[in-house]
Amino acid sequence: MKTKKITIKNNITELDRINEKISGLTADWNLPSSIAFNINLVIEEIFSNIVFYGYADNAEHTINITFSTNPGQVKIKIEDDAQEFNPLILPLTNCSCSTVNNAQIGGLGIHIVKSLMDDLNYSRVNNKNILVMSKTYNGQINGSN
Amino acid sequence: MEVIDKKEDGFVVFELRGRLDTAHYLEVEKRLNEAVVKGNSRIIVDLTSVDYISSSGLRVLLLILKKVKELDGNIVLFGLNENLKEVFEISGFNKFFSISDSYDGAKAALFS
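From first to last, the protein sequence lines stand for chains G and Z.
Each residue of the first sequence is one higher than the one before, counting from 10 in my numbering.
Each residue of the second sequence is one higher than the one before, counting from 20 in my numbering.
What follows is a list of derived Cβ distance ranges for each label pair:
#	chain 1	residue 1	chain 2	residue 2	range
1	G	N39	Z	K26	43 to 49 angstroms
2	G	F61	Z	S121	35 to 41 angstroms
3	Z	K85	G	H70	32 to 38 angstroms
4	G	N136	Z	Y122	50 to 56 angstroms
5	Z	G58	G	T12	53 to 59 angstroms
6	Z	K104	G	T12	29 to 35 angstroms
7	G	K14	Z	D70	24 to 30 angstroms
8	G	A68	Z	K85	32 to 38 angstroms
9	G	S132	Z	G58	48 to 54 angstroms
Quick list of in silico lysine to any residue cross-link-like pairs, SDA-like style, CA-CA up to 25 angstroms:
#	chain 1	residue 1	chain 2	residue 2
10	Z	K104	G	D128
11	G	K144	Z	N113
12	Z	K104	G	Q82
13	G	K30	Z	G37
14	G	K123	Z	E108
15	G	K30	Z	N102
16	G	K13	G	R26
Just so you have them, the derived chain Z footprint on chain G, three or more residues with Cβ under 8 angstroms:
#	stretch
17	23-35
18	50-61
19	119-125
FYI, nobody ran anything at the bench for these hints, they're computed from the structure.
Predicted, not measured: the structure shown is a model, and the values here were computed from it.
Backbone N, C-alpha and C define an ideal beta-carbon position, used for all residues, glycine too.
Isolated chain G (complex conformation):
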């Protein structure tokens, strides 16, 4: 199993750095571009939730993201010291409403995370939120698909 850990601050401008790291991982681990896209997206959704809603103070906090891979699977662990928040207990709501005007967009990011990942696990340990997400994919190269 290969692993890679990155440490970031609770500042939304860190997104660019996260993207750079994921690009590096994608190349090093030879991940399909669609998986890289999915990883990028779920991390942004969780990270931006932590940054915007997680802290009552204005202090600098540290968030750890650990990536690990086995053939055909990527795991992402996000650890933060923000207020306790289990995204998995939110109901799965997408915009199933019929018109634009009554479209509910609250919880959209978490909905995207739940839809894209195969497995999600939340725990609260030592005053930290720990979210582990995993995604499996077909590790074989199948022609141009």
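Start from chain G and add chain Z according to the hints.
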């Protein structure tokens, strides 16, 4: 994020380039808003050069769609890559937006 707009006869085309994410959506929101405030209610958004979108990007597009609908207008998107299409599908946003495969298709949909 680069935003290039082009006024056509009866509509405006916005070509977006880069990542439509939480760190970069504000420029898009600002430029599209300005166009709507000026009375442009028919808008084509070219996403050919957008390789990434998150819920922040979706929210901006929905916000502008609501505004142009109030003016009896519409927004048509085209040029979505497979990853973007998947995000529109899982979020349910493909039900709100007209999505075309080409510029000509988008133009036709805008006036249908």
